[in-house]
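Asks: Based on the sequences and whatever the hints tell you, model everything.
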Amino acid sequence: MHMRPPLNDPDAKRRFVYFVLGFIILWPLLQLAQFNPLAFFERSNLEVMGNFLSQFFPPNLELGFLELILKATLETLAMATAGTALALLIAVPLGLTMTYSLSISRLGPANGHRIKRWMRSIARLLMVILRGIPEIVWALLFVRVFGLGAVAGVVAISITYGGMLAKVYAEILESSNTQVSRALLLTGSSRGSAFLYGLLPSAGQELASYTVYRWEAAVRASVVLGFVGAGGLGQLMDQSMKMLNGSEVSTILLVFLMLVLFADYLSWYVRRGLS
Amino acid sequence: MNTQPARQFCFKCFIHFAGLTLAVVGSFAYLSFNPFKFFNSESISQLALYGSRFFPPDVHTAFLGKILKATFETIAISAIATLLATVISLLFAIPAAGKYGRRAKQVTRFFFNFLRSVPELVFATILVLAVGLGPFAGTLALTLHTTGVLGRLFGEALENHPTKAYDALLLNGSNAAQAFLYGTLPGVTAQFISYALYRWEMNIRMATILGFVGAGGLGQMLYYELSLLHEPQTASIIIAMLILIVLVDFISNKLRTLQRHNQG
Numbered sequence: 001m002h003m004r005p006p007l008n009d010p011d012a013k014r015r016f017v018y019f020v021l022g023f024i025i026l027w028p029l030l031q032l033a034q035f036n037p038l039a040f041f042e043r044s045n046l047e048v049m050g051n052f053l054s055q056f057f058p059p060n061l062e063l064g065f066l067e068l069i070l071k072a073t074l075e076t077l078a079m080a081t082a083g084t085a086l087a088l089l090i091a092v093p094l095g096l097t098m099t100y101s102l103s104i105s106r107l108g109p110a111n112g113h114r115i116k117r118w119m120r121s122i123a124r125l126l127m128v129i130l131r132g133i134p135e136i137v138w139a140l141l142f143v144r145v146f147g148l149g150a151v152a153g154v155v156a157i158s159i160t161y162g163g164m165l166a167k168v169y170a171e172i173l174e175s176s177n178t179q180v181s182r183a184l185l186l187t188g189s190s191r192g193s194a195f196l197y198g199l200l201p202s203a204g205q206e207l208a209s210y211t212v213y214r215w216e217a218a219v220r221a222s223v224v225l226g227f228v229g230a231g232g233l234g235q236l237m238d239q240s241m242k243m244l245n246g247s248e249v250s251t252i253l254l255v256f257l258m259l260v261l262f263a264d265y266l267s268w269y270v271r272r273g274l275s
Numbered sequence: 276m277n278t279q280p281a282r283q284f285c286f287k288c289f290i291h292f293a294g295l296t297l298a299v300v301g302s303f304a305y306l307s308f309n310p311f312k313f314f315n316s317e318s319i320s321q322l323a324l325y326g327s328r329f330f331p332p333d334v335h336t337a338f339l340g341k342i343l344k345a346t347f348e349t350i351a352i353s354a355i356a357t358l359l360a361t362v363i364s365l366l367f368a369i370p371a372a373g374k375y376g377r378r379a380k381q382v383t384r385f386f387f388n389f390l391r392s393v394p395e396l397v398f399a400t401i402l403v404l405a406v407g408l409g410p411f412a413g414t415l416a417l418t419l420h421t422t423g424v425l426g427r428l429f430g431e432a433l434e435n436h437p438t439k440a441y442d443a444l445l446l447n448g449s450n451a452a453q454a455f456l457y458g459t460l461p462g463v464t465a466q467f468i469s470y471a472l473y474r475w476e477m478n479i480r481m482a483t484i485l486g487f488v489g490a491g492g493l494g495q496m497l498y499y500e501l502s503l504l505h506e507p508q509t510a511s512i513i514i515a516m517l518i519l520i521v522l523v524d525f526i527s528n529k530l531r532t533l534q535r536h537n538q539g
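One line per chain: the protein sequences are V and X, in this order. So the first sequence is residues 1 to 275, counted in the numbering used here. So the second sequence is residues 276 to 539, counted in the numbering used here.
Don't read these hints as lab results, they were simulated from the structure. Just so it is clear, CB atoms sit at the ideal spot from N, CA and C, and this is done for glycine as well. Take these hints with a grain of salt, some might be off.
Short, incomplete list of chain V residues facing chain X, as computed with Cβ under 8 Å [said to hold, decoys possible]:
(1) S175
(2) L184
(3) L257
DSS-like cross-link-like pairs, simulated, lysine-lysine; straight-line CA separation at most 30 Å [as the list claims (entries may be wrong)]:
(4) V:K13 / X:K439
(5) X:K344 / X:K529
(6) X:K341 / V:K242
(7) X:K529 / V:K167
(8) X:K380 / X:K439
(9) X:K439 / X:K374
(10) V:K71 / X:K312
(11) V:K116 / V:K167
(12) X:K312 / V:K167
(13) V:K116 / X:K529
(14) V:K242 / X:K344
(15) V:K13 / V:K242
Heads up, incomplete: computed chain X residues facing chain V, CB under 10 Å, no partners named [what the hints assert, rightly or not]:
(16) G407
(17) V488
(18) M516
Replies: Dropping the structure here:
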């Protein structure tokens, strides 16, 4: 006679305990986040949302508006490019100060040992602060000094991305082949030439490739920066959003998606050429 | 490694370099932003004056308590959004891995790509209209974007996972759901969890700023205090943000090294 094996989950008890424990942890979190799916179905919310979304079709394709969008798109691209360029001004010196593979004091006893170690720690702290604060916070702060517009966005991008690039530059320089630069340092070359002749030839491609990737991320970020008034497509979207103009929002959203795809493609193309 | 001798002159490099320079200079020109004129003594003293208004940060206990609550709110937003997105994308990852044919795969992939390319902040502005101001809108916005990211990753992981155990269970008479739960899922769980944790880290960072459009958390507090020109309070909130982000970064780095050690 054929016996059916028991169909019980052998681990059922443990799974049940985990599930209950998870729920106990989750409950206060749900309270904190004011989790309330019923809010979707409130009369007033449904009305506003329905009106807004129904305007998405057809997108606004008036010539005057498209011209405005073109300008904003170019501004977004320019913000990302200028921001990345300025970020390099921060990242290169900071990254070179931070990286351990150019550290002379690590080779052995040297003069001014302690000062240099302090310098490196200070550079690291600076990097953490620069990249730890999101770019949109910097943008929000700078809009109050420089006024509405792209300048605040460029400065915000350059600060946050300067910190991010510095960190990754230092990591790339540490993880690439450091023997050459070490040999150069040991035989008495300066840190600058140890970098140029020892590290850059082998790590250069990776550094450039990451920089291009950051540019792509900057394009995406600069769109969002507009929401606090820092210019570009985001500012346009924010304005249309506030006026609940769905057809304008849908056009901007479409253009934005195309812009991201374009930046994606360009960055992929350049990075493929680099490798 | 480059073993070729140094070249004398590279025309292609020259063209590339010229193009790059042109793009950068063109960008600054288009924005009419001259960085050389920008950093003059007047604007620097103006910046210093503005910066000095943020000091000293407000450290009254009552205010710190408010910050703590907003911090927990931020963490709650990110945790719930990540969890929801994990569950949703797990469900949709099965069609995205091509288990229900080509058409279903293309449709789900397109859907994931769309969700992924719309920034969280844009979702948040729309959802604030749909469910009102507050952390719930932020949670949903993060959920949507994260679903796009995780769904794609999960789908790819499922697709690449060997189907031997799944097939064996099917052949031995279990149904598809059982075969998936006991044959496929255990093999990909570790990878899924590490993806989800990585996304959670990103989401904590994102949740701190979603409040700028009214979606709760530290960001909403920051926006509010800065609108009232309460600079010292703003400074404390920014410091809290920084501590949160650095701490999360540190923990995830530690966990990652730990994992690397465990894997040998």
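Asks: Compare the structure with each hint and give your call.
Replies: Right, here's what the structure says about each hint:
Here the hint on S175 of chain V is broken, as its CB sits about 13 Å from the closest CB of chain X, past 8 Å. The interface hint given for L184 of chain V is violated, since its Cβ lies 15 Å from the closest Cβ of chain X, which is over the 8 Å cut-off. Taken as an interface hint, L257 of chain V checks out: its beta carbon lies about 5 Å from the nearest beta carbon of chain X, inside 8 Å. Restraint check: the Cα-Cα separation between K13 of chain V and K439 of chain X comes to about 28 Å, which is no more than 30 Å; the hinted pair holds.
Restraint check for K344 of chain X and K529 of chain X: satisfied, since their Cα atoms lie roughly 26 Å apart, inside the 30 Å limit. The straight-line distance between the Cα atoms of K341 of chain X and K242 of chain V is roughly 29 Å, inside the 30 Å bound, and the hint therefore holds. Straight-line distance between C-alpha atoms of K529 of chain X and K167 of chain V comes to about 17 Å, which keeps the hinted pair within the 30 Å bound. Only pairs whose Cα atoms come within 30 Å are accepted, and K380 of chain X paired with K439 of chain X is accepted, the gap being roughly 21 Å.
As the CA atoms of K439 of chain X and K374 of chain X are separated by approximately 15 Å, the hinted pair is consistent with the 30 Å bound. Between K71 of chain V and K312 of chain X, the direct Cα distance comes to roughly 24 Å. Compliance with the 30 Å bound is thereby established for this hinted pair. The hinted pair formed by K116 of chain V and K167 of chain V meets the criterion: a straight-line CA distance of about 18 Å does not exceed 30 Å. With a CA separation close to 29 Å, the supplied pair K312 of chain X and K167 of chain V stays within the 30 Å bound.
Among the hinted pairs, K116 of chain V with K529 of chain X is consistent with the structure: their alpha-carbon atoms are about 26 Å apart, no more than 30 Å. Distance hint between K242 of chain V and K344 of chain X is fulfilled; the C-alpha atoms sit about 29 Å from each other, no more than 30 Å. Annotation: proposed proximity of K13 of chain V to K242 of chain V is violated, straight-line Cα distance about 52 Å (limit 30 Å). This hint holds: G407 of chain X has a C-beta 6 Å from the nearest C-beta of chain V, less than the 10 Å allowed.
Annotation: V488 of chain X was flagged as interfacial toward chain V, and the flag holds, the nearest CB pair being 6 Å apart, inside 10 Å. Checking M516 of chain X against chain V by beta carbon gives a least distance of about 7 Å; that is within 10 Å, so the hint holds.
Consistency note: the structure conflicts with the earlier hints numbered 1, 2, 15.
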